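Enquirer: Here is how the chains run, residue by residue.
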Amino acid sequence: MRVITGDECGLLKESIPELSRRSTDPDAPATPYNAMPDVTKDGVSRIDPKEKQTRERGVVDLAWRNDAGCEQFSFAALRKNGSVELWKAAAESRNKHANYVLVQTSKNIFQQDRPNPLGLGVFCNHNRICAGDSLGNVVVLKNDSDLLEEVQTYNAYKGSKRGETLSYTRGQALNTQLATAIAFDTSHGRVAVGGRERETCLIDIHTGVQVFKTKNLPPDPQTLLQQPVWPTAIQFLHNDMNTMAVGTAYKQVRLYDVRESSKIRRPTQTTPEDLLEYRVTSLCQVSDYELVVADGAGYIYCLDLRRLGRDLKAAANKDMGRYVGPAGSVRQLKKHPTLPRLAAVGLDRMLRIYDTKKRRQLDCIYLKQRINCVLVHGDDTWDFNDATVDVVDPDDLDIDQDDVVQEYVDSDEEGSHGDDSNEDADSVSSDDSEGNDEEAVDGSHEDGGESVEDNDVELPSSHQRDSKSQCESSDNEDSESHSSETSSEESKDNSEAEEDDEDVIVVKAPKRRRRQ
Amino acid sequence: MVKKKPHSSLRGKKPVNAAKSAKKTPVSRNPSHITNRLKRSEMYGKYLQQKRQEKKQSRIQRVKEAEALGDDKNGIKKAVPRTLDNTREVEPTMVLQDPEVAADEAEDEFARYFHSETPPKVLVTTRPRPSQRLFFFIADLQRLIPKLHFYPRKSFSLKEICQFAANREFTHVMVLSENAKHCNGMTISHIGAGGEMLGPTAYFKVSNVVTSQNIPNHGASTNHIPELNLHGFGTRLGHRVGRLLGSLFPHDAEFQGRQVVTFHNQRDYLFVRHHRYVFEEKKNIKKAPPKGTTPEASQDEQQPLGIKDRVKARLQELGPRFTLKLRWIQSGTFDTQFGEYEWMHKRKEMDTTRRRFHL
Numbered sequence: 005m006r007v008i009t010g011d012e013c014g015l016l017k018e019s020i021p022e023l024s025r026r027s028t029d030p031d032a033p034a035t036p037y038n039a040m041p042d043v044t045k046d047g048v049s050r051i052d053p054k055e056k057q058t059r060e061r062g063v064v065d066l067a068w069r070n071d072a073g074c075e076q077f078s079f080a081a082l083r084k085n086g087s088v089e090l091w092k093a094a095a096e097s098r099n100k101h102a103n104y105v106l107v108q109t110s111k112n113i114f115q116q117d118r119p120n121p122l123g124l125g126v127f128c129n130h131n132r133i134c135a136g137d138s139l140g141n142v143v144v145l146k147n148d149s150d151l152l153e154e155v156q157t158y159n160a161y162k163g164s165k166r167g168e169t170l171s172y173t174r175g176q177a178l179n180t181q182l183a184t185a186i187a188f189d190t191s192h193g194r195v196a197v198g199g200r201e202r203e204t205c206l207i208d209i210h211t212g213v214q215v216f217k218t219k220n221l222p223p224d225p226q227t228l229l230q231q232p233v234w235p236t237a238i239q240f241l242h243n244d245m246n247t248m249a250v251g252t253a254y255k256q257v258r259l260y261d262v263r264e265s266s267k268i269r270r271p272t273q274t275t276p277e278d279l280l281e282y283r284v285t286s287l288c289q290v291s292d293y294e295l296v297v298a299d300g301a302g303y304i305y306c307l308d309l310r311r312l313g314r315d316l317k318a319a320a321n322k323d324m325g326r327y328v329g330p331a332g333s334v335r336q337l338k339k340h341p342t343l344p345r346l347a348a349v350g351l352d353r354m355l356r357i358y359d360t361k362k363r364r365q366l367d368c369i370y371l372k373q374r375i376n377c378v379l380v381h382g383d384d385t386w387d388f389n390d391a392t393v394d395v396v397d398p399d400d401l402d403i404d405q406d407d408v409v410q411e412y413v414d415s416d417e418e419g420s421h422g423d424d425s426n427e428d429a430d431s432v433s434s435d436d437s438e439g440n441d442e443e444a445v446d447g448s449h450e451d452g453g454e455s456v457e458d459n460d461v462e463l464p465s466s467h468q469r470d471s472k473s474q475c476e477s478s479d480n481e482d483s484e485s486h487s488s489e490t491s492s493e494e495s496k497d498n499s500e501a502e503e504d505d506e507d508v509i510v511v512k513a514p515k516r517r518r519r520q
Numbered sequence: 029m030v031k032k033k034p035h036s037s038l039r040g041k042k043p044v045n046a047a048k049s050a051k052k053t054p055v056s057r058n059p060s061h062i063t064n065r066l067k068r069s070e071m072y073g074k075y076l077q078q079k080r081q082e083k084k085q086s087r088i089q090r091v092k093e094a095e096a097l098g099d100d101k102n103g104i105k106k107a108v109p110r111t112l113d114n115t116r117e118v119e120p121t122m123v124l125q126d127p128e129v130a131a132d133e134a135e136d137e138f139a140r141y142f143h144s145e146t147p148p149k150v151l152v153t154t155r156p157r158p159s160q161r162l163f164f165f166i167a168d169l170q171r172l173i174p175k176l177h178f179y180p181r182k183s184f185s186l187k188e189i190c191q192f193a194a195n196r197e198f199t200h201v202m203v204l205s206e207n208a209k210h211c212n213g214m215t216i217s218h219i220g221a222g223g224e225m226l227g228p229t230a231y232f233k234v235s236n237v238v239t240s241q242n243i244p245n246h247g248a249s250t251n252h253i254p255e256l257n258l259h260g261f262g263t264r265l266g267h268r269v270g271r272l273l274g275s276l277f278p279h280d281a282e283f284q285g286r287q288v289v290t291f292h293n294q295r296d297y298l299f300v301r302h303h304r305y306v307f308e309e310k311k312n313i314k315k316a317p318p319k320g321t322t323p324e325a326s327q328d329e330q331q332p333l334g335i336k337d338r339v340k341a342r343l344q345e346l347g348p349r350f351t352l353k354l355r356w357i358q359s360g361t362f363d364t365q366f367g368e369y370e371w372m373h374k375r376k377e378m379d380t381t382r383r384r385f386h387l
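Line by line, the protein sequences are chains A and B. Position in the first sequence counted from 1, then plus 4, gives you the working numbering. Position in the second sequence counted from 1, then plus 28, gives you the working numbering.
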């Protein structure tokens, strides 16, 4: 997997987490679950080793120019001095760093001398690259194969029907943060811009007209105070790109319906007041109903969108999952296009990669500067030398697919060999068996009968030895003696008599999984 | 009295003292596996006794070896004790002469102070309605940090104070918080000249404050600019904190004053000390030649006496003595509501082992 990061000092770096892992010894003692995994520095290469490292050239945002999963990939980078760069790369093999070529670089695209750029987006369908700065200016550039040509500059706030001047809201200090969040709706060609005390508004990139402006929640009925508004992170949810999630510095996340035809401008869903404790800095959608929210203190939460209501004063359900790790503010979260992997990057100078299903940190790479943005390349492969990540968790198995449980055979019924089958029944029932599979029971009942007959002929000790060797050959994972014994009992009975293995699904007893 | 005869069934068997044989068999491992309480406690006693014996033996051995080698200091292998500092977990963010880090630091908010381009000007204030003891500490701080100006808090909010300070061209704002008449916290915020590089804000927990009056044999500090000694800041975070603290001081030290301020980091605790030093010549600097060598050989071997052999530095403590521990660093000025934290100490996640230190 490839991850490209851009940092504050202007360095672009490519990391391959597989290269940076130290080889784990399978016999090493298991680390406790809350131990920080190995943080490494390898596997990181500078994209341009000769570039100058200055804060003026700090990278503000990165965006893919073509499909994020192909071999020949290219991306655009927006720097703090307002210049936009286009890069191309060819990845030869999975585990080698790619060669990057700077295709085009532009000068300051904004009119100001010292712009404060916010974000960059690429509209592949419309052949445009769009960049926004903190005064609300949105500059649209043409994205024809390798040229950068400015098409138009709009101001997000002037697109409305009011006059030409930008108005400042009331307050003591001058509002210099007119735009603090920007997001790009690539399927519809719209840009969402939001600022301090300024509602998020969507403008169309072709015409620059304001298409949609969100409306605040009604004032609190008791105090009659308006809800303050300060969007700091905007994300379009790609169910259909019709919902927009806005994270505010007032510790809320709101969802809006932004269809063309939508008449409702108020938020459709919002997180309750006490849920988050710090300002929201980044949002990322991980699955259909899960939204990952990162805040300014390094807490990354996983919100379930189905559970959010409209009421701000609702009881905060704090049962959301957390991605543990970052020590400082998380600047960007990005999900891998196909695999369940999340990359988190922030001010604590680490790139962290998480498994979204278990919320476990898989890799932590030390990149020496404070990182502003990250891009995840979409190739499908993922290596992990620890087999326990993707191993089947016994808790996750289908409830029907289960241990084979011997039907209890009464000692009176089977005469002299009742002892044998009794032992079997005891040892099997002592496992944590979750339920009975009827077919398995039937099969095993027959087994029990047949194997008992076999037991008449052979000695029980040699019987066990045979099955144990069989068991060992089929058993290639480490297992404790208890489970191997019980599984040998099971497999002994099954392997002896029963031919059709489809009915009887032998599942090894749940082992204590080595947690990392 | 007639001597009792042993029983006839014991004829031909020699009396054996079972206890003696038990004493002779050494206890090889910790007898915690024995389930019988009486037996286990007995074996444990023997085990401890044995361990003490072994230790004593090894010590006698060492003394003998040392004596055999005589004065030759190279032969003695000094046993290095295992400490938490020795066995510290390897921190990947340790700075080890990295050109990237050097380039970053050459450009960060504090570079101007280290190159003496901008003189620092520090404003100190307290929480509203401070206690009287805090003023003694502030008076001491004024002797510690040159160019420290005190302003009473009255009831301004911190954002306002930062604004006022920026108006009057202060570069740093320091806020002391206290509880029950003891200073317990210090927030240092870099507001920078010109407002371009609004630097970080760091919050420290303050403990063990000893004002100069309470230090035995303390000296009186003068107005000379002290030298700065930042010791023990290894990791990236440590560098950042070290540079923040170092930027409080002007960097053109006046050596005639012979004063030094030390920020010593050990195990994430920062010890702040203010000393006056004086260099003195050591008496009896002639080193006796080692035993067993001829005089000519000793002449050749004798290295030129280093500075450490000739000169000794004596210290007199001045000024306050206190300990700091970093709690969080925010990027930008003081803003707990909407700020972004560069580093925040989360005890349950970060302090999972005793051997992990962050600075």
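Check before you lean on any hint, since a few could be wrong.
[What the hints assert, rightly or not] Pairs of lysine to aspartate or glutamate residues, derived as EDC-like cross-links and limited to a Cα-Cα distance of at most 16 Å, are as follows:
#	chain 1	residue 1	chain 2	residue 2
1	A	Lys56	B	Glu119
2	A	Lys92	A	Glu75
3	A	Lys111	B	Glu133
4	A	Lys54	B	Glu119
5	A	Lys372	B	Asp363
6	A	Lys56	B	Glu133
7	A	Lys255	B	Glu128
8	B	Lys374	A	Glu281
9	A	Lys317	B	Glu135
Read the hints as simulated data drawn from the structure, not as lab findings. Note that this is a predicted model, so its numbers are computed, not measured.
Enquirer: Now look at each hint and say whether the structure bears it out.
Expert: Comparing the hints with the structure gives:
no.	hint	in the structure
1	Lys56/A with Glu119/B	27 Å, violated
2	Lys92/A with Glu75/A	11 Å, holds
3	Lys111/A with Glu133/B	26 Å, violated
4	Lys54/A with Glu119/B	28 Å, violated
5	Lys372/A with Asp363/B	26 Å, violated
6	Lys56/A with Glu133/B	14 Å, holds
7	Lys255/A with Glu128/B	35 Å, violated
8	Lys374/B with Glu281/A	14 Å, holds
9	Lys317/A with Glu135/B	46 Å, violated
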